[in-house]
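So the sequence lines, in the order shown, correspond to chains A and B.
Per numbering that gives the first Met the number 0, the first sequence starts with residue 0, numbered consecutively.
Per numbering that gives the first Met the number 0, the second sequence starts with residue 0, numbered consecutively.
No wet-lab data here; the hints were simulated from the structure.
One should not assume that every hint holds.
Remember, identical chains collapse to one label, so a pair may be satisfied in a single copy or spanning two.
[As the list claims (entries may be wrong)] Distance condition first, Cα-Cα at most 27 Å in a straight line; then the derived BS3-like pairs of lysine-lysine:
(1) Lys456 with Lys139
(2) Lys490 with Lys345
(3) Lys85 with Lys440
(4) Lys422 with Lys295
(5) Lys581 with Lys593
2 protein chains.
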Amino acid sequence: MEITLFEEYLNCILDDYKTLNSGELANYIPELAKVDPELFGIAIVTVDGHVYQAGDTRHNFTIQSISKPFVYGIALDDNGVDEVIKKIDVEPSGEAFNSISLEPGTGRPRNAMINAGAIATTGLVAGDNSDIKINRILKKFGEYAGHELSVDMSVYKSESATGHRNKAISYLLRNSQIIERDPEPVLDTYFKQCSILVNCRDLALMAATLANNGVNPITGIRTLSEKYVPKVLSVMTSCGMYDYSGAWLFNIGMPAKSGVGGGVLAVLPGQIGLAVFSPKLDLHGNSVRGLAACAKISNDFGFHMLRISTISNTSIIRNSYNASQMRSKCIRRFDQLRVLDEEGKKIHIFELSGSLTFVSAEIISNEVLSLMKYTDYFIFDFLRISSIDQAGFEIISELMEKLISILKKVIFTSIQDKYGLLKELRTVLNESDNCKFRTFKNIDLALEHCEEEILYKCGMHEDMISVSFKDQDLCRDLEQEEIDFLESFLKFSEYKNGEFIIEQGDDADSIYFILSGQVNVDLSETEHFNQRIAVLNPGTAFGELAMIDGGKRSATVIADSDVKCAALNFYELEKDGSEMSKQVTLKLTRNIAKILSDRLRRTNEIVKSLS
Amino acid sequence: MEITLFEEYLNCILDDYKTLNSGELANYIPELAKVDPELFGIAIVTVDGHVYQAGDTRHNFTIQSISKPFVYGIALDDNGVDEVIKKIDVEPSGEAFNSISLEPGTGRPRNAMINAGAIATTGLVAGDNSDIKINRILKKFGEYAGHELSVDMSVYKSESATGHRNKAISYLLRNSQIIERDPEPVLDTYFKQCSILVNCRDLALMAATLANNGVNPITGIRTLSEKYVPKVLSVMTSCGMYDYSGAWLFNIGMPAKSGVGGGVLAVLPGQIGLAVFSPKLDLHGNSVRGLAACAKISNDFGFHMLRISTISNTSIIRNSYNASQMRSKCIRRFDQLRVLDEEGKKIHIFELSGSLTFVSAEIISNEVLSLMKYTDYFIFDFLRISSIDQAGFEIISELMEKLISILKKVIFTSIQDKYGLLKELRTVLNESDNCKFRTFKNIDLALEHCEEEILYKCGMHEDMISVSFKDQDLCRDLEQEEIDFLESFLKFSEYKNGEFIIEQGDDADSIYFILSGQVNVDLSETEHFNQRIAVLNPGTAFGELAMIDGGKRSATVIADSDVKCAALNFYELEKDGSEMSKQVTLKLTRNIAKILSDRLRRTNEIVKSLS
């Protein structure tokens with residue numbers, strides 16, 4: 000693996016802080032005092048699954064107190080917030096990690112990050128006995144870390160043999176009914192949970208899973224219900240660093256947790272998980288180098304969750320235009336284009352981009368309301384929407400309800416892969432009726448649909464028309480005698496829906512005039528006809544470029560309905576050699592140039608509106 | 000003013016919660032007990048300055064404890080973090096608002112949100128006497144609220160006459176040297192600061208100013224240094240709601256502050272400021288309806304700062320392409336185009352969009368490194384960058400340093416309005432040398448510059464060439480006798496840099512062939528020549544479309560250097576009527592169509608790469 004620029008930076012931090020030699024190994028558990036005090040590793044995992052690491056990130060150590068927020072998450076998943084709150088409060092104790100801090104009267108521990116609260120939390124993990132509980136915890140932790148984890152039995156035995164204070168706490172919890180049955184199996188599970196072996200990279204991935212809203216960013220597995228992620232992070236924020244939590248939030252600003260095994264882990268919500276491992280601890284039981292490295296990285300990169308980005312001008316509307324500025328790929332006759340030049344203004348397209356939040360959704364809402372008067376069709380494209388929060392969803396669904404209630408047509412495009420969004424929208428907007436809003440795969444297809452509804456209303460829909468040879472766009476300004484002359488060169492033919500008319504690579508010798516029906520132009524390799532170049536309607540022609548530069552066909556054309564065509568062989572026309580043939584050739588060439596010039600102008604306008 | 004959809008929702012909340020009649024008016028200060036207990040208002044201000052309000056949002060009341068975080072901000076601005084921390088800690092006390100909570104030994108108040116810490120904070124506001132201090136506070140608060148504020152003298156007198164406990168606190172602070180001089184003027188300022196009159200809308204705007212990184216979103220005035228915003232928000236988060244702060248963070252999740260005047264204010268960083276006013280208080284001294292309304296709104300819209308948006312796939316790179324896919328607007332000859340078709344791959348353009356954070360900047364970084372081998376010029380467009388945080392800046396500047404160190408050309412476009420970013424980049428990348436990276440106003444100009452460097456290296460730069468009539472693009476495939484024939488119709492002319500060659504609206508009768516120099520096509524109204532349509536080089540022609548559809552000139556063309564042209568009057572050509580004239584007319588028309596077809600194909604590719 001090549002070392003990235005960012006990993007070079009992490010290596011510098013290792014170098015700078017390895018001289019930091021204060022602190023002691025944890026000695027209250029004999030097993031913990033045996034570790035190499037010089038070990039030092041840093042790992043960072045982003046919410047899109049990039050891993051950056053430096054130093055001893057593969058060395059295993061016991062998770063200890065860092066298990067607490069993750070077990071708290073399991074307890075929430077197993078019992079719901081209301082039941083958990085009955086047993087454990089969420090207020091900072093302002094005291095040390097081993098403080099007992101039970102609420103007078105109820106006996107509730109102040110929070111789940113101190114030992115008393117953590118033992119009570121372990122009591123809430125589903126399972127009747129210690130084995131079931133620890134297996135559930137191991138399975139969940141394994142999902143966070145992305146691989147199977149195990150308990151270090153010698154550390155577990157050591158903790159179990161010396162954990163008298165925790166034993167006392169567990170009986171106090173039993174005494175006040177916070178633990179409702181025998182506390183011994185709960186305590187046994189707790190000791191095992193603290194002795195789970197992890198490495199620095201595991202912890203960073205566990206933190207990144209919280210940063211990624213409870214979904215492991217590498218495996219894609221959800222490990223914690225979305226609704227409990229802010230709860231776990233809240234408790235880490237207010238209580239994660241014990242009586243140092245206020246200063247930690249003030250200085251470093253990431254929900255965090257440390258353990259006497261030498262690990263410390265921090266979460267920058269929506270961005271990264273960070274973990275540092277180095278075994279020597281300060282008087283609070285935190286890794287000395289761990290805290291220093293976290294502070295340094297947070298400070299260098301401004302990883303404070305309450306830091307707000309410098310420039311804040313939301314560009315939620317990437318593009319906004321109507322259908323007289325941008326057409327579908329359906330190539331239409333001049334008379335239809337003239338109608339759409341005017342009526343296209345009734346179709347408005349919003350290409351959305353970025354995060355849909357309260358602020359950005361309100362921007363859309365205001366913009367839509369200002370266009371209401373002139374617009375019948377609203378197309379919203381979700382292709383570049385990167386996130387939608389609850390507030391964004393509420394505002395957008397309220398807007399849709401409003402639009403639908405006053406009979407505007409609402410269309411969503413590129414929304415098919417947006418997780419539950421579409422389903423939620425359907426639920427909010429209409430339980431029973433499926434026709435309140437429509438979805439299309441992309442803007443082009445939505446545009447074509449709206450254009451056709453408008454043409455239909457104006458009596459100009461394709462189903463209703465066929466266009467004779469003399470009324471073809473390419474025959475404009477031709478005299479009747481010129482038309483008569485050309486007709487003697489025409490070959491009429493009919494194609495069934497799906498039939499090939501010309502194929503890419505064929506020799507080109509004719510212009511095809513569409514008399515009725517629709518054709519599809521396709522550039523794809525054989526067998527895969529997905530990439531739609533254009534749809535052509537009666538009155539328009541294809542294959543006309545061959546008349547100016549000959550050669551082979553550059554695309555395949557397929558009948559998209561039953562089609563009638565007239566083919567004009569221009570080599571035969573040239574062979575004729577008469578004055579008349581030269582005259583009509585010049586006029587046809589001029590008309591081809593005119594149509595190209597018109598299309599180029601329209602396409603340039605599209606480029607302008609897109610950039 | 001029309002009521003927005005969101006304001007309808009706020010009105011519903013007023014209706015739902017006005018039945019909430021528990022609680023008492025503040026009675027420890029006689030003046031506060033005189034207010035109408037039914038008053039109820041809600042206001043929300045977004046970081047882009049939209050205001051939503053419902054109910055009694057214009058009724059004035061005293062700010063009370065809500066003043067504390069804002070005065071804390073002033074103290075930070077006046078003294079810096081280190082000095083302030085010496086006097087006031089940042090740990091939650093876990094106790095009530097009037098708890099004394101001084102640190103044993105130092106006598107430091109636990110935090111600036113309890114009365115003891117707030118009085119100490121007021122002592123740190125710059126100014127020798129009470130008048131100077133309160134005027135400084137009034138001025139700052141006025142900047143937060145967007146208009147001048149004043150002290151309610153009767154409430155002030157009432158507080159001053161009955162505030163014995165606060166007086167005791169101030170002398171304890173004097174005793175432990177937290178207040179270093181006479182505490183009476185400090186206490187007097189504190190009473191006045193608590194008696195400043197505000198309304199609900201003011202508070203929402205004050206909160207929104209914090210949400211907007213310290214800049215009032217309506218007036219644009221910075222009221223708090225950027226670096227202190229996370230500090231103030233951190234203290235509000237951990238200590239703002241006293242012994243209810245943990246539960247508030249857990250349940251509502253916004254940095255907040257309430258006051259016994261009946262106001263409560265909350266900040267959703269980067270998004271909104273929220274304020275509720277209703278005077279009846281619970282046992283903790285918080286507005287009953289205020290807390291209920293905050294909880295309801297936070298819950299309905301998911302306004303929890305630790306809530307992470309659902310879908311998280313960053314789309315920082317809006318478009319990525321090289322200069323063989325997308326050209327500058329400079330129209331070049333076929334032989335130049337052929338060179339750029341190949342060599343254009345050495346120029347790569349990244350159109351960036353959205354927030355530049357650690358994660359998104361790393362995406363760019365990885366993408367750039369993967370293209371390093373084939374690319375000599377990197378163009379980064381900042382037009383749609385909406386925010387840049389510190390981590391994003393660090394990663395990008397490190398990447399630029401790397402690129403520049405291996406002699407890649409780095410170009411930034413649309414960066415001129417990005418605040419301090421450009422200046423900071425210059426500082427980081429080169430103290431002395433200005434040539435390490437370049438900036439252009441837009442991508443088009445940057446592309447043209449890079450194309451020309453490449454053409455220059457291939458010996459094809461405009462400065463070096465002139466193109467005779469027979470080598471013009473439009474004369475391809477013409478026989479020598481046809482060239483000779485056409486030359487008899489040409490008129491040669493020269494134009495100085497800046498001179499008009501044709502003007503929009505002129506009658507069109509000629510095609511202009513460029514023999515040497517460059518011309519600019521411009522569509523703008525007279526006098527404002529900004530919107531560049533295209534730049535044309537020797538060997539290309541303009542005015543050629545008139546030959547196919549006549550009419551008036553659709554654009555103005557201006558000499559962009561000293562220019563030599565040959566003009567072909569096509570009416571004279573037509574008038575000639577000879578066989579030869581018909582033959583060359585057909586060939587010219589066909590070449591026009593070919594060039595149009597080529598341009599249309601290229602433009603369609605641009606559309607494809609843009610969408």
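Q: Could you place Lys456 and Lys139 in one of the four classes (within, between, both, neither) given a Cα distance threshold of 27 Å?
A: neither (59 Å within a copy, 61 Å between copies)
Q.
At most 27 Å between alpha carbons: which applies to Lys490 and Lys345, within, between, both or neither?
A. Classified as neither: same-chain Cα gap 40 Å, cross-chain 49 Å, threshold 27 Å.
Q: Check Lys581 against Lys593 for me: Cα-Cα at most 27 Å, and say if that holds within a copy, between copies, both or neither.
A: Answer is both: 18 Å inside a copy and 19 Å across each meet the 27 Å cutoff.
Q: Give the relationship of Lys422 and Lys295 under a CA distance limit of 27 Å: within one copy only, between copies only, both, or neither.
A: Answer is between; shortest inter-copy Cα gap is 24 Å, intra-copy 44 Å.
Q) Taking 27 Å as the upper bound on the Cα-Cα distance, should Lys85 and Lys440 be classified as within, between, both, or neither? A) neither (48 Å within a copy, 61 Å between copies)
Hints 1, 2 and 3 from the earlier list are contradicted by this structure; the remaining hints agree with it.
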